[in-house]
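Engineer: Dock chain B against the given chain A, drawing on the hints supplied.
In the order they appear, the protein sequences are chains A and B.
Here this note's numbering is used: the first residue of the first sequence is 760, the next is one more, and so on.
Here this note's numbering is used: the first residue of the second sequence is 760, the next is one more, and so on.
The hints are all genuine.
Same chains, same names: a pair is fine if it fits in one copy or spans any two.
Calculated cross-link-like contacts (lysine-lysine; reagent style DSS-like; alpha-carbon spacing at most 25 Å):
1. Lys792 / Lys810
2. Lys886 / Lys820
3. Lys876 / Lys886
4. Lys837 / Lys886
5. Lys820 / Lys792
6. Lys792 / Lys876
7. Lys886 / Lys792
8. Lys810 / Lys820
9. Lys876 / Lys837
10. Lys820 / Lys876
Derived from the structure by calculation, the hints contain no laboratory data.
The primary structure of each chain is shown beneath.
Protein chains: 2
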Amino acid sequence: MSPSDRKTGNVIATSNNRLELIIDAAARLFDEKGYNATSTQDIATEVGLLKGSIYYYINSKEDILFRIIEESHEGALKAISTVSHLDVGPLARAYSLVKTHVRVFHDDRVKHSVFFKEFRSLSDDRKEIIRGTGHAYSLFLRSILEEGQVAGLVDKRLDARMATSGIIGMLNAMSFWYQDGGSWGPESIGTQFAEQVVMGVVSEEYLAASGGRNALIQNICEELE
Amino acid sequence: MSPSDRKTGNVIATSNNRLELIIDAAARLFDEKGYNATSTQDIATEVGLLKGSIYYYINSKEDILFRIIEESHEGALKAISTVSHLDVGPLARAYSLVKTHVRVFHDDRVKHSVFFKEFRSLSDDRKEIIRGTGHAYSLFLRSILEEGQVAGLVDKRLDARMATSGIIGMLNAMSFWYQDGGSWGPESIGTQFAEQVVMGVVSEEYLAASGGRNALIQNICEELE
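Only chain A is shown next, with the shape it has when bound in the complex (with noise of 0.2 Å):
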């Protein structure tokens, strides 16, 4: 590396860091204020820039939005691709992928919250990217309670699109209630909910030969370990 391209990296590096400060400044107020009410100013004045230097980093406040819902859905695109990896059934993948949403939720809070609250702000064309990936993650989870139901794991009368709906839900509307610093962590919440939900959907005869409720959790615990 020559000494001009390790300079324009530490430019680029600089850019990217002021921008990464001006996306978590603007979701922290797009958070507690809501995107029509915050401005491109208070943005500004939150990272402690002119108004016209924003423009440098980006072309409009729906931009940042645009970001902002980006790097909240590559978390979600993440934890598709942990849980795809794992060599496991479809109980210990759903149980899986349940925990890794929680915690993949607390560890960019404040960017999924903008996405379920502001949504709808965004333009038609980037409303459609954005639910594109809400639609992959939706079809994975359905297709593994599928793949539990040829399995005989999972209870085949569920509607497994709607028990997608359900679960999905469930994690979504963390964004109203969920606190930093609250009572339960992550890891409480993930393991309870991943409980309810394998209870939710797991078939009478699988249950029975796994030897009740215990014991299925247990094993699946054993199988992801």
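Structural biologist: For chain B alone, kept in the frame of chain A given last:
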């Protein structure tokens, strides 16, 4: 009733109808465009009134938002009242509350949706009033689950408050995906969600004593008949 009383009664009735029309129209607009993006003028146009005439019925745009959210909460309180009058065990009560919630949501979808999307647009005083009702609802479900734990029907290892947050979150998140006239009606969603919820919390012992998943759900349905 004297003729003049009747006349007064009619005027009040007409006035109340007009107010209901304003509230319904505002709810549709807030749901579609958002509270901030909807002006009092938009609402007046929607119901065919002059902007000035709207102020005969309400004092401010926020007044309308508060009425919408209050009305959506009256549905929730009706659900509590329905379920608390049932002479059944805790699991059947939880099952019935979920089904009732889905039906109440369906019957007043737009207002519920505005509640979840625009709660934070309320003034702090009014937020507190609404939080009180939400708290009563959570407390009601939580007390059912705790009663179930004492009776050995609900898994004692579960945190009843956390389970409540998950269940109410799942129900509230319907605002984001529920479609009027979609392929699922409130009956099928309510039945499946109620089953997922009950299975998510039932204790190992009670599940075994009931004879498994299918028998448990059948017993609950018979108890509720």
